[in-house]
Amino acid sequence: MREISFSEATLEAMSEEMERDSSVFVLGEDIARQGGIFGQFKGLPQKFGTERVLDTPISETSIVGAAVGAALAGMRPVADMHFADFIGVCMDEVFNQMAKVRFMFGGQCKVPMVLRAPDGIIRSAAAQHSQSVEAWFMHIPGVKVVIPSNPADAKGLLKAAIRSDDPVLYFEHKVLFPMKGPVPDGDHIVPIGKANVSRAGKDVTIVSYSLMMHRALEAAEKLATEGVQAEVIDLRTISPIDKETIFESVRKTKRLVIVHEAVKQGGVGAEISALVAEEMIDWLDAPIRRIGAPFVPVPFSPPLEQLVKISADNIVKTVKEICR
Amino acid sequence: MREISFSEATLEAMSEEMERDSSVFVLGEDIARQGGIFGQFKGLPQKFGTERVLDTPISETSIVGAAVGAALAGMRPVADMHFADFIGVCMDEVFNQMAKVRFMFGGQCKVPMVLRAPDGIIRSAAAQHSQSVEAWFMHIPGVKVVIPSNPADAKGLLKAAIRSDDPVLYFEHKVLFPMKGPVPDGDHIVPIGKANVSRAGKDVTIVSYSLMMHRALEAAEKLATEGVQAEVIDLRTISPIDKETIFESVRKTKRLVIVHEAVKQGGVGAEISALVAEEMIDWLDAPIRRIGAPFVPVPFSPPLEQLVKISADNIVKTVKEICR
Amino acid sequence: MLAYKKEFLQNLYRTMVRIRLFEEKVGECFLGGELPGFVHLYIGEEAIATGLLSELNQDDYVASTHRGHGHCIAKGAKIKPMMAEIFGKSTGYCKGKGGSMHIADFSVGMLGANGVVGGGINLAVGAALAAKMKKSGQVAVTFFGDGGANRGTVHEGMNMAAIWKLPVIFVCEFNQYASTTPSSYGTSVPNLAVRAQGYNMPGVTVDGNDVFAVNEAAKKALEYVRAGNGPYMLEFKTYRIKGHYVGDPELYRSKQEVQDHFDKNDPLKNFAKVVLAKKWLSQKDMDAIYAEVAAEVKTAVDDARKDPYPTDSELFNDYYVEGGVN
Amino acid sequence: MLAYKKEFLQNLYRTMVRIRLFEEKVGECFLGGELPGFVHLYIGEEAIATGLLSELNQDDYVASTHRGHGHCIAKGAKIKPMMAEIFGKSTGYCKGKGGSMHIADFSVGMLGANGVVGGGINLAVGAALAAKMKKSGQVAVTFFGDGGANRGTVHEGMNMAAIWKLPVIFVCEFNQYASTTPSSYGTSVPNLAVRAQGYNMPGVTVDGNDVFAVNEAAKKALEYVRAGNGPYMLEFKTYRIKGHYVGDPELYRSKQEVQDHFDKNDPLKNFAKVVLAKKWLSQKDMDAIYAEVAAEVKTAVDDARKDPYPTDSELFNDYYVEGGVN
Ligand SMILES: Cc1ncc(C[n+]2csc(CCOP(=O)(O)OP(=O)(O)O)c2C)c(N)n1
Ligand SMILES: Cc1ncc(C[n+]2csc(CCOP(=O)(O)OP(=O)(O)O)c2C)c(N)n1
Ligand SMILES: [Mg+2]
Ligand SMILES: [Mg+2]
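Chains as they are written, first to last, in this note's numbering: chain G, 58 to 381; chain E, 58 to 381; chain B, 62 to 387; chain L, 62 to 387.
If we strip away everything but chain G, and leave its shape as in the complex, we get:
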């Protein structure tokens, strides 16, 4: 299969969907002139014109609010958040409008929009440009939340999100943009709500998503050399969660570790753990372990930043602790 980068994969998704459906358009800061702060929108204005690829002012509440309004009026907007760290600026629009209008209005309307938010730690970007906040949104009824870890899923989930008649948050890790990987040709769609068993194993289940999938897979490699066969599940969608895929794996492995870059307390890992502790506890042979960042803002200085990042070795160590 041909290999393209994560960012190219999202570009293909955008391009194909914009071609397919003239109601799809994109808006955000530095989208048209710059091609997106990570180059993820490069070439779109040349292809589709600046009527459908809109640079906006620094006005996040208007970006999301107007996207909701345009969706209500029959368009399919894709809005870009620049950095996920700024989503707090328009949290009300996400939480009280985007997520709720269809329900509040008794189904009179729908909100087929996508909000893309580049997240995660990159190169000492410090406390306000390094955050992962996906967990907030799994606590908000009315939106769906996807978070791909590789180019194929990036493309497939973005296409699914754009075609979805429900509002979707699409988190994409900044470190992933240049990463290459195989992407199927043609109209590749990854369904929202379906996790993926990225590596089969029988001794322990590692659930992760986004950049941390790569650490998890590395860890699984290392563990394999020591005789531990880890099954690695890529959640891909965190709301709604694909419980069945997780449960099926835990039924087999009887051990569960969840890994994410976001701080551990109150993170997605808590929900996964709680689901298993609620419905699968009798299957477990070990405590459920979560690996997430320590409860502290992301520091600037490289050696400190290193301390809040999760390595494959962290995962290996934790897995070994529960596989004794």
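Rather than coming from a laboratory, the hints here were simulated on the basis of the structure. These numbers were taken from a predicted model, which means no experiment stands behind them. The reader is advised that the hints may include incorrect statements.
[What the hints assert, rightly or not] With a Cα cut of at most 30 Å, we get these calculated DSS-like pairs of lysine-lysine:
#  : chain 1 : residue 1 : chain 2 : residue 2
1  : G       : K366      : L       : K367
2  : B       : K226      : G       : K104
3  : B       : K141      : G       : K167
4  : G       : K311      : E       : K311
5  : G       : K167      : B       : K226
6  : E       : K311      : L       : K195
7  : E       : K366      : G       : K167
8  : G       : K374      : E       : K167
9  : L       : K367      : L       : K66
10 : E       : K300      : G       : K311
11 : G       : K311      : E       : K374
12 : E       : K251      : E       : K311
13 : L       : K66       : E       : K167
14 : L       : K226      : E       : K167
15 : E       : K366      : G       : K300
16 : G       : K167      : B       : K139
17 : G       : K259      : G       : K167
[As the list claims (entries may be wrong)] Derived CB-CB ranges, DEER-like:
#  : chain 1 : residue 1 : chain 2 : residue 2 : range
18 : B       : R314      : L       : F377      : 50 to 58 Å
19 : B       : L92       : L       : S168      : 53 to 61 Å
20 : L       : Q317      : G       : Q363      : 50 to 58 Å
21 : B       : R287      : G       : E60       : 18 to 26 Å
22 : G       : Q363      : L       : A352      : 37 to 45 Å
23 : E       : G100      : B       : N378      : 45 to 53 Å
24 : B       : R314      : L       : N290      : 23 to 31 Å
25 : E       : R308      : L       : V382      : 27 to 35 Å
26 : B       : P243      : E       : E108      : 17 to 25 Å
27 : B       : K359      : E       : G96       : 35 to 43 Å
28 : B       : K359      : L       : N290      : 21 to 29 Å
29 : E       : S368      : B       : L92       : 27 to 35 Å
[What the hints assert, rightly or not] Away from chain G, derived, C-beta distances all over 12 Å, residues of chain E:
#  : residue
30 : M58
31 : I61
32 : G96
33 : R159
Don't be surprised by glycine CBs; every beta carbon is placed ideally from N, CA and C.
Once you've looked at the hints, dock chains E, B and L with the ligands against the given chain G.
Showing chains E, B and L with the ligands alone in chain G's frame:
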């Protein structure tokens, strides 16, 4: 002990702390002229003047931003959110300023402020005026989060929050305001970070907070008549969590149920469950059960609203399921 | 003053009376303990929605506020499903899921009341953006109060609409109060229309208690906006005759202040004075309309009372289009 | 033009050169791969911070932006701990926890750069509120760009400051671009000072490349604000000579445009032209300052390079005052 209402208790706390320390002041919408939308600030302007009890425009980002700024300049602001539902409007100020400035600036400053946010379902206030979003804030390093369930704790935690040199979010359930209860005389302080065993028991641990504590205690009464002795823990602070009190109880009861009004998915219950599944799993004799609202916005129509509220009977039923 | 067709005048009056009587009835039912939630009445502000929205086409958009009943009625929503919604019945526009603060009728372009002050502004901006992209000729109108004007999102929306020359009219209903806070305290300028200059858009201050003045201003604004010149701001000076919400003890103003306004500047009395003086309508014409509307409102309430509440099974309807609830 | 004391002129020049050379060095170190994070340089805008902040007292407050080095230096922060901070060293102002985008020196009232565009506005409003409550006579100054001007929180802060008559100066640094977006595209008016009218505060547009014009405007604004008249808005027209961040390919403008500006309107060249023509300072005076500053900057970098990184044990310091991490 004398009995006063929850709202009077918060008023006493405000009054005493404003008397004690001239740098304490309060700002928010309809605080001075109305005395707060739930009467929780009544009489303060008469006592302390409208220089220290400030009505604001409808400008939530300024309310919180200015509170942070005033705190940096040596004041101790108490800001009011009107309804917790509007905290999304100033989420950036909470998340990126209030929570982070001290850390980002290497400890050069502190942010001794309190953000009060009335939350919860009340009288068909519908999707945008009924929400409980405390879980978001336990996922934000740098703030503390308290959430009292009764007048004594309301007073004691508010006083502790005002005196704290750290930024504190103070959630108060709208239904609690008129509820009466005993409040100790004098300088009653409830330490942040300490849960309370509100009822002792040996068969099951019920962890809850805020309004749901009352449902939990009712449930415990009912269970007692059926021979099940529930220990009921009032978290009071949800960040940092008082793990030890929970663990100690679970060591005894070997069964855990967590109850909150917020939607179950991604809620505080997930974190509590995960902590126990991580560190206490061998002590458990039953699955950990969480009780929270179904994953749907709060509907307006009374019979529908009823479906997303949690009753003592829900709790009884769940407890019995795991106490068989 | 221009000449008006009689039918147009009758329609204006019908709409204003419909809002007034609808709101009076809602207030009555609320005080009678029949209504869930809380309600904000549009009484005293009827001339604005009426004079302005009467100039819109059915497919033009309106994004409203927490005080949305009047906008709804003037945009052409039916009062039966409105009343049913406010009662929380399954026959309501939102099937009982929204209530007063989320009342909406998408079939007439009414994109909903909004419980978040300022929440509707950018929905209108977005709808106008959609209209522009589709070259549909539609316009969007959005309302905000003298209090809501101070929300940041209004600023963002006005700037964005201006740079993209979107067909949207920003309507400030300056009714003197934001809940208990007088606008003279919370709003830094006496006339908010001055803010339009900050976005390079026209902004005018108009007597919002005079439906004719509103209507003239609306026509000018619409002509400008429909011609593709970009957004326009209208500020209507008016007065909230009732409390902020039904049940408001109104400690922040005197009864006399309210009575004075009602006596001297009630938009319905103002209308009657003009049309009777000019003999455009007779008292009989007006009485007939009044009686017809009163009957209509009575039926709406009678029906709403009898209509069924949603059943439990409806909780998860009208939600995710593609399912996905755990 | 007024007459200036020689020492004052020397100080102005010293500050401007300090900013320029500091920023050039930072840019160099970044391109050399020595710096973590990303950096936004203030080159070309030196006259604003210098002419304005030179009029502040040490205990007055400044809330800055992502482009904060110049504000920091002009407010009196030392360049050694600044450079150390940008290198991420434990000797930095924020002990390496903040970096360029969160640089701060509370000992001189510099409340920090801010990674969120618009994030500093209300910190200044709050500091000014504190000053007013304490009757301390302090003022607060806050900066925002032509891009940041379109954030809602700026609107909220200006209105709030106006109704409370807070001693705060809102300073717009109109440098023609918001990242890659020209202000002529994203900002609906050519002069943002017009927006001040919307809050009933004075607002003036001033040549931000002329440190004397800046200084005169600053004195007027400060007099007004210190007298308790409420807030004031200053808009300075300037130009960002470097990329938005170091490493910016700058595809959105021509090299010629930048060069033209640099040749004709660089604030340092402008200063030299005036002081030499008026014989207020000699080339020798200026060369001496330049050399002194160059040496100072060199030492700052040399030291920063040698200074230690924070140790692992420092991660949880400078965090909760009262503990509480799980
Ligand atoms: C973001 C937000 N903040 C606060 C509120 C609470 N609130 C509801 S209506 C209102 C006053 C609105 O005043 P104005 O905008 O003048 O409209 P009016 O009620 O006068 O029609 C307030 C403060 C809210 N609903 N949303
Ligand atoms: C709320 C927010 N949105 C977007 C950004 C990303 N961003 C950082 S600087 C910048 C451009 C700022 O332009 P302007 O305000 O004119 O300041 P300048 O860079 O020109 O000094 C943008 C979009 C941000 N940091 N914060
Ligand atoms: Mg009003
Ligand atoms: Mg700029």
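So which of the earlier hints does this model not fit? 6, 8, 9, 13, 17, 20, 21, 28, 33
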